[in-house]
Amino acid sequence: MMRLTAGIGALMRHREAGNFVMIVLLAIVVGLIQPRFLTLETLRNVMLAIPLILIAAMGQMMVIIARHVDLSMGSILGFSAIVAGMMFRDMPDVPILIGVLVAILVGAGLGFLNGAIVTLFGLPSIIVTLGTLSLYRGFVFLISNSRQVDPQFIPRALIQMSQTSPILGIPWLVIIAFLTALASYLFLDHMRLGRQIYALGSNPSAAPLRGIRVVPVTLLVFTLSGALAGLAGVMYAARFGYVNPGITGVGFEFTVIASVVIGGVSINGGVGTVLGTILGVILLGMVNVALPLLGVSEFWQSAILGAVIIVALLIDRSVRISGQQALAAERSAR
Amino acid sequence: MQPVSATDKAPMMSLRGITKQFAGVEVLRDVDLDLYPGEIHALLGENGAGKSTFSKIIAGVHRPTRGTITLNSERVEISNPLAAQRLGITLIHQEPISFPDLSIAENLVMGRTEGSLLKRVTWGEMTRDANRLMNLLDIRIDVTKPMRGLSIADQQMVEIARALASDSRLIIMDEPTASLTPKETAILFRIVRRLRDEGRTIIFISHRLEEVRALCDRVTIFRDGNRVTTDTIQSLTDTDIIRLMIGRPLQDYMHKQGTTIGDVALEARNLTLPGTFEDISFTVRKGEIVGLGGLVGAGRTDVAKAIFGIAPAQSGRVLINGQDVQIRDPSDAIALKLAFVPEDRAIAGIFRSLSVEQNITAAVPDQIAPSGFIRRSLEKGIAEAQVTRMSIRLASQRQPIGELSGGNQQKAILARWLLTDPEVLILDEPTRGIDIGVKAEFYDMIGALAASGRAILLISSELPELLALCDRILVMSEGRLTANILRAEATQEAIMFAAVPKTTRQIEGVA
Numbered sequence: 001m002m003r004l005t006a007g008i009g010a011l012m013r014h015r016e017a018g019n020f021v022m023i024v025l026l027a028i029v030v031g032l033i034q035p036r037f038l039t040l041e042t043l044r045n046v047m048l049a050i051p052l053i054l055i056a057a058m059g060q061m062m063v064i065i066a067r068h069v070d071l072s073m074g075s076i077l078g079f080s081a082i083v084a085g086m087m088f089r090d091m092p093d094v095p096i097l098i099g100v101l102v103a104i105l106v107g108a109g110l111g112f113l114n115g116a117i118v119t120l121f122g123l124p125s126i127i128v129t130l131g132t133l134s135l136y137r138g139f140v141f142l143i144s145n146s147r148q149v150d151p152q153f154i155p156r157a158l159i160q161m162s163q164t165s166p167i168l169g170i171p172w173l174v175i176i177a178f179l180t181a182l183a184s185y186l187f188l189d190h191m192r193l194g195r196q197i198y199a200l201g202s203n204p205s206a207a208p209l210r211g212i213r214v215v216p217v218t219l220l221v222f223t224l225s226g227a228l229a230g231l232a233g234v235m236y237a238a239r240f241g242y243v244n245p246g247i248t249g250v251g252f253e254f255t256v257i258a259s260v261v262i263g264g265v266s267i268n269g270g271v272g273t274v275l276g277t278i279l280g281v282i283l284l285g286m287v288n289v290a291l292p293l294l295g296v297s298e299f300w301q302s303a304i305l306g307a308v309i310i311v312a313l314l315i316d317r318s319v320r321i322s323g324q325q326a327l328a329a330e331r332s333a334r
Numbered sequence: 335m336q337p338v339s340a341t342d343k344a345p346m347m348s349l350r351g352i353t354k355q356f357a358g359v360e361v362l363r364d365v366d367l368d369l370y371p372g373e374i375h376a377l378l379g380e381n382g383a384g385k386s387t388f389s390k391i392i393a394g395v396h397r398p399t400r401g402t403i404t405l406n407s408e409r410v411e412i413s414n415p416l417a418a419q420r421l422g423i424t425l426i427h428q429e430p431i432s433f434p435d436l437s438i439a440e441n442l443v444m445g446r447t448e449g450s451l452l453k454r455v456t457w458g459e460m461t462r463d464a465n466r467l468m469n470l471l472d473i474r475i476d477v478t479k480p481m482r483g484l485s486i487a488d489q490q491m492v493e494i495a496r497a498l499a500s501d502s503r504l505i506i507m508d509e510p511t512a513s514l515t516p517k518e519t520a521i522l523f524r525i526v527r528r529l530r531d532e533g534r535t536i537i538f539i540s541h542r543l544e545e546v547r548a549l550c551d552r553v554t555i556f557r558d559g560n561r562v563t564t565d566t567i568q569s570l571t572d573t574d575i576i577r578l579m580i581g582r583p584l585q586d587y588m589h590k591q592g593t594t595i596g597d598v599a600l601e602a603r604n605l606t607l608p609g610t611f612e613d614i615s616f617t618v619r620k621g622e623i624v625g626l627g628g629l630v631g632a633g634r635t636d637v638a639k640a641i642f643g644i645a646p647a648q649s650g651r652v653l654i655n656g657q658d659v660q661i662r663d664p665s666d667a668i669a670l671k672l673a674f675v676p677e678d679r680a681i682a683g684i685f686r687s688l689s690v691e692q693n694i695t696a697a698v699p700d701q702i703a704p705s706g707f708i709r710r711s712l713e714k715g716i717a718e719a720q721v722t723r724m725s726i727r728l729a730s731q732r733q734p735i736g737e738l739s740g741g742n743q744q745k746a747i748l749a750r751w752l753l754t755d756p757e758v759l760i761l762d763e764p765t766r767g768i769d770i771g772v773k774a775e776f777y778d779m780i781g782a783l784a785a786s787g788r789a790i791l792l793i794s795s796e797l798p799e800l801l802a803l804c805d806r807i808l809v810m811s812e813g814r815l816t817a818n819i820l821r822a823e824a825t826q827e828a829i830m831f832a833a834v835p836k837t838t839r840q841i842e843g844v845a
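So the sequences go chain by chain: A and B. Just so we're aligned: the first sequence equals residues 1 to 334 in my numbering. Just so we're aligned: the second sequence equals residues 335 to 845 in my numbering.
For the record, the hints were derived by calculation from the structure and aren't laboratory data. Just so it is clear, CB atoms sit at the ideal spot from N, CA and C, and this is done for glycine as well. Take the hints with a grain of salt, since some may be wrong.
[What the hints assert, rightly or not] Sample of chain A residues at the chain B side, in silico, Cβ under 8 angstroms:
(1) Q160
(2) R195
(3) L209
[Claimed, not checked] Just some of the chain A residues that point at chain B, by a computed CB distance under 8 angstroms:
(4) R44
(5) G122
(6) R156
(7) I159
(8) S162
(9) P166
(10) M191
(11) A199
(12) G270
(13) V271
So that you can see chain B by itself, here it is in the shape it has in the complex:
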């Protein structure tokens, strides 16, 4: 790691007094920041702290209400994304924006500014250029294939290649690792470090402190639209960073309330779905939180889906309260008082365009329509109780749920399932992509649910989360259960050891 001191070079970009108002609400207040060539600069802060708005101003997506930007000692106006691109600034979105129907090569050049719109497209040349860029990044992909078939990781690589194509000097990455496997993350980090060593500036937005620590040179922390601090990563401890982000230390949040553990509520025996998971057996007791750890792709979500009847196992048994049950589809599971909060809420969890009320009450039609017709007053009342209980932050219960922040959407989904009064809850990455403050509320909620006698299976890729919340941690690797670790014996090392496939132990460490 090359520490970058703020004095040995001239800044490549200086931002002064950046202020942004949306409809009169100030979301950024007088932010000053200098960015230097050859540094990886982390932006940290809770959702809504302003780091995203700030980076979008740099990338020309938003225009600042006030403030000045100096690029290489020249005042610049970054009025739109195209202008940013011309100035050598590229923003890589969390979900890479691309044109899924166009080829990878076309995605690389689309929107390039030089030349006329009536200029001929030379396909051969385009493919050659694209291959050259991909080779620079050591990526082997057929660039004539459509973008649609690529994994998120590969799409991000294409975005990085695009930044290189326009010779960007400033690359902003918004939570690039959110949906990457550790191996993909390691590859990404290698490339980002190389870009830094070439003298480019990288702004790296992430919620994962360990990644920021492994990768970044300097950190800027935002809180409530203000820049709280900027410093080298070495001079800040994790505790410092979290305190600066939220004003309280994290330990306060991470606790498991003492609960009495009862009878076995959910038992899986020898569940097998060939090619996906094999011979999975475990129990979850009432009042118990059982973690399910492992690498992405280990088959954890598939086991959950099998139990919930979304993609049933081919063989094996599921027992609820000691009784053999047949779960052929999710409605069977719901009738047996199971609940499943899926990982990808955008796909499997929410009805985006429906109101918060309708989303919360979606799983309990009988409660809002006792006579067969929906009674608005019941819908409103039931939803209101949940909004209060979960402290969901919203403008109106009737606004589309898609307008809420990720964390609040997730709360609403959890509220929906709690209305069904489940005895067994399966939570798949419930805190992914939500900020630390809301995470803490979730941890409290999960603890309280267990304390009320519910059995909880918690799938999580975040080791500290598993360690803090779970009574027991199961670990899966390549479709098999490889460990069952009691709380007292659980360490990050023990979980990782069980999670890493034994045949190919070449997974590059993130840290």
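Just chain A, same shape as in the assembly:
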């Protein structure tokens, strides 16, 4: 019994534990009410709901760990998607890979611009990206003449990425998201540069004193965030088969930031893991799939989603506090 309690205690000291428990509980509860939830079909739906968010969440997570935020992500996604979509429409011979690369580069450029404004003028990123959220969206309308890129122009091979699978029936889209997460993990957890992002967010004023080059690191996280939003943009075209300047990516930043924060990434910077963010994305994705299955009305869905965010944060907070108390107890015992 003692060992069990200690084991649970050790588990709970991991920030990811709260979300994991939430995901399991949610699956059980929803499964009891609506057995249809516990089917492969649902699993597939959840799996398709999350890749876009997961890819972008990896970028947003890095920005938030560095004690910034990127509110313009939805517009960057829209921008990249429309550029790629128009390219496919107006230059049908362009290979898909080029379209993907262009989308990523456009996203990276817009992200870099965010970072440049933040670092050059020392402005808070929440304001800068609030501005570029609107600015970039405006350009989406301007370059597209407010015209949608219709499904017939999106290459079939791209659309099939959300259906065909190279292995185990897992769609390409999911695999790309997984590889993005894996790369993010290796970068953030096992590379010096990645660790510097944590250090910068944990104590920005100490960072330069320890030889961390604040401006390049900040530019890097915004650029990466933009690039991943760009990748998510072209994946959006793959998933939904069209790009609409007034729809694609609108409100996307809300879902992404919510997932990241639910995943235990501290808005105060310095804290957060890839695993936690993945769990956050899955949790939110599950809620999104479960609510319609349960017959919850659309109006309630939004309210419940909001409640889930707050409950997840409360759980995260209590886990963190118990961890700190354990630390303090160890200290006084010494």
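Please build the complex by placing chain B on the supplied structure of chain A, with the hints as guidance.
Relative to the frame of chain A, chain B by itself:
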């Protein structure tokens, strides 16, 4: 102690003509100094005398406007902290700067310069290295834990370990003992002496003369941006040092004005908060200054917080002017004309980003807003009177208080509480971290407050301060009152004897 003479070795670092201007104001003027391997070198001076700027120039935080630095007979440019680190120079800040969310092991290696940024982080190796360093310093801490949970003392140990990791030959410590207990200080001193004996150079900045005397080999004194003197510690008396720092002897400051002591203003009876303090009973009379001494962690601040209603006692009574009172929160205490100037002004005292005016008038909203709306003219006038009365040095009353020096911030906090016209003042370490000149003003002020009939409870860890100011000195040890010493009978030994826990009397002396 190994006295280091200036002749038997070549200097490891020579500084010549170091001058620094900030926005045209000269804060350092033509400072020359030689530092030798294997010495602990104290920098003394009032706040603003230039010792901090000087050490920051050595550490690459600031660049000198003029002057040259020679390291091991080679001219060097220390253009940034990274360059300093590469040259084997580490600055340990008073509040250690760290990355609280990262593990201790990561804090040790963060910012190390060798290798590419894309290099892999090998966690196992990092943990092993960190443990090895901590073992060198005889510190047992789990290096995989986040930095956030560590005490200031442990954080400083981590900083020292970091200096060792990069094999620093010159370690600058800026007021490392400011928030350490005597026991932690003793451990720190042992380690610093060992570093010295290994041939490293340590620059030690402190306001506490007894520490400088116990630890340092040579002393350099700064005043108004000039280096006034450099000498071995043995050849300077305390009086010499203080005279050189401020130009006047300290005795002039330390005096208690004769006051008549009146009725009991504050009485505590059997105050108990289990696990924190037990059965605390004492009185403070009008016009009386009662000291509350003891070691850090003895429960002194907790008693003050209990009386002021911040964390009330579980049992026991508080009487004001002989009347039983219930103080459930600070607003009750303020209504009863109590005032509490807390120890940690950064946390409990000031509103950093608000102006000096707003800070001073924060406790008296009725006086600046008689109609419910704040009247700027009243706010300005009231604050102005206090600024003059306390001689608070500032650029403008409207500047954020966070820009003032520590001593002037503390004056502003005291001014705030005096506006409430308190009858009982509880001062918790009011002079911690402020320089001797401003301290003297504080002593005068506290004396004058008592002379005007106010009852004062003064919590202080500085024995000379208690001895000089107080009519009576209470001493706490491990949550209990262990002594009530009258002024005539008070000695440093008597206070320390009562302060040291009787079960474990192994506290290592500082001196």
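So, going through the hints one by one against the coordinates:
1. Q160: violated, 35 angstroms
2. R195: holds, 6 angstroms
3. L209: For L209/A, the interface hint holds, since the closest Cβ of chain B sits about 5 angstroms away, which is under 8 angstroms.
4. R44: At 36 angstroms from the nearest chain B Cβ, R44/A fails the 8 angstroms test, so the hint is violated.
5. G122: Nearest chain B Cβ about 16 angstroms off; hint violated.
6. R156: Violated, about 38 angstroms.
7. I159: violated, 36 angstroms
8. S162: With a minimum Cβ separation of about 33 angstroms from chain B (threshold 8 angstroms), the hint on S162/A is violated.
9. P166: violated, 29 angstroms
10. M191: holds, 6 angstroms
11. A199: holds, 5 angstroms
12. G270: G270/A check passes; min Cβ-Cβ to chain B is 4 angstroms, inside 8 angstroms.
13. V271: With Cβ-Cβ at 5 angstroms, under 8 angstroms, it holds.
Violated hints, in rising order: 1, 4, 5, 6, 7, 8, 9; the structure is consistent with all others.
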